[in-house]
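Model the full structure from these sequences, guided by the hints.
So the protein lines, in turn, are chains A and B.
Position one of the first sequence corresponds to residue 20 (our numbering), numbered consecutively onward.
Position one of the second sequence corresponds to residue 9 (our numbering), numbered consecutively onward.
The hints are simulated quantities; they were obtained by calculation from the structure and are not laboratory data.
C-beta atoms are modelled at their ideal positions from N, C-alpha and C, and glycine is treated no differently.
Be a bit skeptical, because a hint or two may be false.
Label-pair ranges, simulated between beta-carbon atoms [stated by the list, open to error]:
#1 A:R276 <-> B:S319: 47 to 57 Å
#2 A:E137 <-> B:S107: 41 to 51 Å
#3 B:T197 <-> A:H325: 30 to 40 Å
Keeping only pairs whose Cα atoms sit at most 30 Å apart, straight-line, the calculated DSS-like set for lysine-lysine is [stated by the list, open to error]:
#4 B:K50 <-> A:K214
#5 B:K182 <-> B:K292
#6 A:K199 <-> B:K130
#7 B:K339 <-> B:K251
#8 A:K327 <-> B:K382
#9 B:K314 <-> B:K251
#10 A:K327 <-> B:K251
#11 A:K327 <-> B:K258
#12 B:K382 <-> A:K214
#13 B:K276 <-> A:K214
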Amino acid sequence: MDDFDPSDDDAHNGTETSFNDVEASDTEAGTTRKIIHIDMDAFFASVEQRDHPELRGKPVAVGGSSGRGVVAAASYEARRFGVRSAMPSVTAKRLCPDLVFCKSRFDVYREVSQQIREIFRHHTDLVEPLSLDEAYLDVTEDRHGLGSATRIAQAIRRSIREETRLTASAGVSYNKFLAKLASDQNKPDGICVIKPGEGAAFVQSLPIRRFHGIGPKGEEKMTRLGIETGADLAARDMAFLRANFGSFAEYLYRAARGIDDRPVRSNRIRKSVGGERTFSEDISAAPRLRETLDNIVDIVWARIEHNKARGRTVTLKLKYNDFRISSHAKTLNRAVAGKEEFAQIGHELLGEMLPLPLPIRLMGLTLSKLEGVPKKKPRSEAAQLTLF
Amino acid sequence: MLAPQAANVKGIGRNSCAAKRFCTDNASARAASEGLEDETMKATIERATILRCLSHVQSVVERRNTIPILSNVLIEASESGTLKVMATDLDLQVVENMSAASVEVPGAVTVSAHLLFDIARKLPDGSQVSLEAAEGRMAIKAGRSRFSLPTLPRDDFPVIAEGDLPTSFELPAKTLAEIIDRTRFAISTEETRYYLNGIFLHVTDDDQPVLKAAATDGHRLARFTLDRPEGAAGMPDVIVPRKAVAELRKLIEESLDGNVQIDLSASKIRFTLGGEGGVVLTSKLIDGTFPDYSRVIPTGNDKLLKLDPRSFYEAVDRVATIATEKTRAVKMGLDRDRVTLSVTSPDNGTAAEELAAEYGAENLEIGFNANYLKDILSQMDSDAVELHLADAGAPTLIRKNDKAPALYVLMPMRV
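As structure tokens, this is what we get:
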């Protein structure tokens, strides 16, 4: 029987889109969370090396090479010479005379970024992107039953490698702060897991510079105060930290103990609700297709109801066994009234696509042009004045 | 991480029955480690008794758990003929004792809370339920029904180590219920400000020793003040988490007549309801600093508006019909002895209503979130409510009168 959660290799091809969910977090449940931080390795530079084979193995910097240019990203080969992002290109060239400059191609980076976010969302809706190449994922709910956050992280890294031919590093832990430290631990193309109970020890073994938010200046100050490692920091009490670091104290106090209660925030506004199904065997017979569509309608409509979504456009997507994708859509001048109409439109769309030129391996149905996307929310929130 | 913690539990407290129970715990944990390889237990209990008990504890258990044993309740049958049922989510645990019809084999085991609850719910009224655990399963029999559920060992069941709970006092259940009712609606749900996700309890010596309960989400504040109960002097400031508040409130509802014994330290709080054989709720406290809320309580607001809370509530509710979003503001225009409420919605049109009121200060226009206003007004059980205003951008003080134990502060919306 086909499975809505394909657990074979298909699961890693991003063939099943994730269902966008309203923001939710399990922190209040009090259970241990499972957080992954994914960081692409030398992202922009790696994309350039991927697309320009002649650059592979060479020190590459993305950014303008002219007098006032700045390095936006440096390949690992370039980093060996001390080239860093945000460094003036002139300085970079001095450090590494053989440095090859590439013009940045943000549209390509954005495209790749979309690809990796699709991979993330295959595993969880709780994705908090920090930038094009970095994101936090809350995988406490093991959607595909992979068994552990570490396995999910490995599945994600594998999918990224297969789909983008780029490498990513992953940090796996029970909060964001630790996950981010962990992803940095075995870079590039590495993974590091900090298990519950190991957080404090891990943090305390680190030089203070590795703490997020402590730059060269902060490091100087810390050294002056005799704090060189996380352990040194953990040994100071709250009063000492307050006296020396003001409002930063609470963060430092918690960080030194590996504590971080911040939830993973997915601020993505839902634009569609839908689902797809990849079959274990390709199908083409009309009755079988109709039956499959009905199954998908059941599942997707449950999602629609769960999300209290109302939308005007229904899209049916088919992926043929040669991986070509074809989709038909219908838009009403009002929201789809109910499950029956949703199903009826789905069947109409399927009817338009029959007979199929090839058997299909995937079918998907989506409701979009949603009503009530909270576009005005930020404004009305801003109008509410605050006590604190 | 989830090593059995039963051994850490210290039963402390001079006259606390709950403490004694935890001592019993300790003893049985020792017994378990001293050679009971397989966990056996056999007891029979009235369906109504176990159902009532499970209905108390099962809501503590999260529906989805990453740690399997957290889906379970601990059931412990003792020689004295009582059955102890315990549920936890690691931050909050509820323990209840009930009398069994008979205990054939004393012992303890854990089994799925929701399954057992659902089974108990569906068993015929008046039936005797036999629970028998052996070889990793628990057989549940009643009448002609029989179930067999997988069990997990009792030693793996995490018990909150209460530690020393040096502060002890009692409150009438009704008072505790009122504290909760008057404040809980203002508890923040925003997890980034976790220290606002509960009710803050602290004692002060203003004019006289008092205990104060406060909750805020940064937009509104609710505070309830009562005479400091005997034994509460010198207690640490604590923040009781939202879930504990909700569970506690449900438990209180069933024993409104008695007193609730409260024992606490800076990190844990324990509520004992119904005395011996009652329910004990123990919760971790939120580890954070509640903001100094007293500085946002206005003291110099000189514009006093007095009106009937019920008609005010209804009028706000009516005009808010037009508002399309939950957060849309209701505008209040204040003239001499008159309030004009209005809502303007770009999509839906406009609404307005005039209300008689007592108002003698200069004219003022101010906006409030309709739902926040309604939340506060629905707390008022009197014929008059006072709104002390300053201007359209400043916190407004709302209360029944200056004797009332409850006080609310509401921040306006810009309109």
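Verification of the hints:
A C-beta distance of roughly 53 Å is found between R276 of chain A and S319 of chain B, which places it inside the suggested range of 47 to 57 Å. About 58 Å separates the C-beta atoms of E137 of chain A and S107 of chain B, a value inconsistent with the hinted range of 41 to 51 Å. Checked against the hint of 30 to 40 Å, the C-beta distance between T197 of chain B and H325 of chain A comes to roughly 20 Å, which is inconsistent with it. Restraint check for K50 of chain B and K214 of chain A: the C-alpha separation of about 38 Å exceeds 30 Å, so the hint is violated.
For the given pair, K182 of chain B sits about 23 Å from K292 of chain B by alpha-carbon distance, which is consistent with the 30 Å threshold. With a CA separation close to 48 Å, the supplied pair K199 of chain A and K130 of chain B exceeds the 30 Å bound. Restraint check: the Cα-Cα separation between K339 of chain B and K251 of chain B comes to about 34 Å, which exceeds 30 Å; the hinted pair is violated. Note on K327 of chain A and K382 of chain B: the hinted pairing holds, with a Cα-Cα distance of about 25 Å set against a maximum of 30 Å.
A threshold of 30 Å between alpha carbons decides the hint, and for K314 of chain B with K251 of chain B the separation of about 35 Å lies outside it, so the pair is violated. Our distance criterion of 30 Å between C-alpha atoms is met by K327 of chain A and K251 of chain B, whose separation comes to about 25 Å. Restraint check: the Cα-Cα separation between K327 of chain A and K258 of chain B comes to about 29 Å, which is no more than 30 Å; the hinted pair holds. For a cut-off of 30 Å, the pair hint linking K382 of chain B to K214 of chain A is broken: about 46 Å separates their Cα positions.
A C-alpha spacing of about 25 Å is found between K276 of chain B and K214 of chain A, which places the hinted pair at or below 30 Å, so the restraint holds.
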